[in-house]
Amino acid sequence: MLSFCSVVFKKLTGKKNANGTTTTTTKPKTPVGILAILDWIIYSLPFLIFLFFVLVIAGCLGTSPGIPNLYLVSLTDGDLSIRVGYFGMCFVRTNATIGEACASTFGLTPDEISSRVLEPPSRTSETIPSLIATAKDLQRDILAPLFPAVGIAFAAALGTLGGLWRLRGAGKTPEPTYWRLRRAALALLFVGVALALMSALSTTQTVAAVKWGVTEVHDGVSGVSRTAGRGQAVEALQWVTAVLMAVFAVRLAAVYRTPTSGGVAVQDVELGQRENCHGQANRASSMYSR
Numbered sequence: 121m122l123s124f125c126s127v128v129f130k131k132l133t134g135k136k137n138a139n140g141t142t143t144t145t146t147k148p149k150t151p152v153g154i155l156a157i158l159d160w161i162i163y164s165l166p167f168l169i170f171l172f173f174v175l176v177i178a179g180c181l182g183t184s185p186g187i188p189n190l191y192l193v194s195l196t197d198g199d200l201s202i203r204v205g206y207f208g209m210c211f212v213r214t215n216a217t218i219g220e221a222c223a224s225t226f227g228l229t230p231d232e233i234s235s236r237v238l239e240p241p242s243r244t245s246e247t248i249p250s251l252i253a254t255a256k257d258l259q260r261d262i263l264a265p266l267f268p269a270v271g272i273a274f275a276a277a278l279g280t281l282g283g284l285w286r287l288r289g290a291g292k293t294p295e296p297t298y299w300r301l302r303r304a305a306l307a308l309l310f311v312g313v314a315l316a317l318m319s320a321l322s323t324t325q326t327v328a329a330v331k332w333g334v335t336e337v338h339d340g341v342s343g344v345s346r347t348a349g350r351g352q353a354v355e356a357l358q359w360v361t362a363v364l365m366a367v368f369a370v371r372l373a374a375v376y377r378t379p380t381s382g383g384v385a386v387q388d389v390e391l392g393q394r395e396n397c398h399g400q401a402n403r404a405s406s407m408y409s410r
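When the letters of the sequence shown are read in order and numbered with this note's numbering, they come out as residues 121 to 410.
Calculated directly from the structure, the hints in this document are not laboratory data.
Just so you know, not all the hints are guaranteed correct.
[As the list claims (entries may be wrong)] Here are the simulated DMTMM-like pairs of lysine to aspartate or glutamate, each with C-alpha atoms no more than 25 Å apart in a straight line:
no., residue 1, residue 2
1, 331, 159
2, 331, 355
3, 331, 257
4, 331, 199
5, 331, 261
6, 331, 197
[Claimed, not checked] Cβ-Cβ distance ranges computed for the label pairs, FRET-style:
no., residue 1, residue 2, range
7, 250, 161, 42 to 52 Å
8, 363, 268, 15 to 25 Å
9, 371, 228, 37 to 47 Å
All C-beta atoms in this analysis are idealised placements derived from N, C-alpha and C, irrespective of residue type, glycine included.
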């Protein structure tokens, strides 16, 4: 019995040489390298991206901790400071006993905003309606809501990737369908990256121009002490989101390829070795040439 087990073990783990002897070989364990850890980190980036996206969109929509500080630009005139977000505003009175008042301003006129947030309206200063109207004009006409389109494109890309993964797992996906879904997913992903970069750049330039125009030009012409501030937290979140999306997109674009030492992709990691009509291995072309 012992000799039988020994023979079976040698057949499973070893190979015979020309002289009839058996050489046992042990399969080395594959260590978990730093690249594998980086892959896990990169594949978890969508959670951070969606978290930052929600924080930017939710800025100035409520008085939860930290939400009033997520604004694009702030306008201050006297004791009133208005923080402007994409879809909401926060009102802070320096000499009032009440705290911050934040509300959604989507679809509201300046008069409706004033009557909803500042009470009672009859006691408000004459400059407050003008300040609210200026803030509403900035929100509606200057601070274009380009960033929400980033989340839509990114969610569509992840949905397409999820469908691609399910079809691949079923094992019945025609190759043309696979490649079309792959192109669509990568296209949506890079569209989202482009929109994120455009949104971050436009936000940085716009709020800088608004701050300069309100503080320098307006004060010099009218003599009114009106200042503007930049929402640095939202600017930072938008730039970080754009960078994380770019890293995720580049990794997803390369994850399908197994390059040779010469840098030519000869195998698709998802589908395995591709073959031509003669049954011979054929090099996979780049993802843009198919």
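Hint check results:
| no. | hint | result |
| --- | --- | --- |
| 1 | 331 to 159 | 41 Å, violated |
| 2 | 331 to 355 | 14 Å, holds |
| 3 | 331 to 257 | 15 Å, holds |
| 4 | 331 to 199 | 18 Å, holds |
| 5 | 331 to 261 | 16 Å, holds |
| 6 | 331 to 197 | 13 Å, holds |
| 7 | 250 to 161: 42 to 52 Å | 49 Å, holds |
| 8 | 363 to 268: 15 to 25 Å | 19 Å, holds |
| 9 | 371 to 228: 37 to 47 Å | 42 Å, holds |
Taken one by one, the earlier hints fail for this structure only at number 1.
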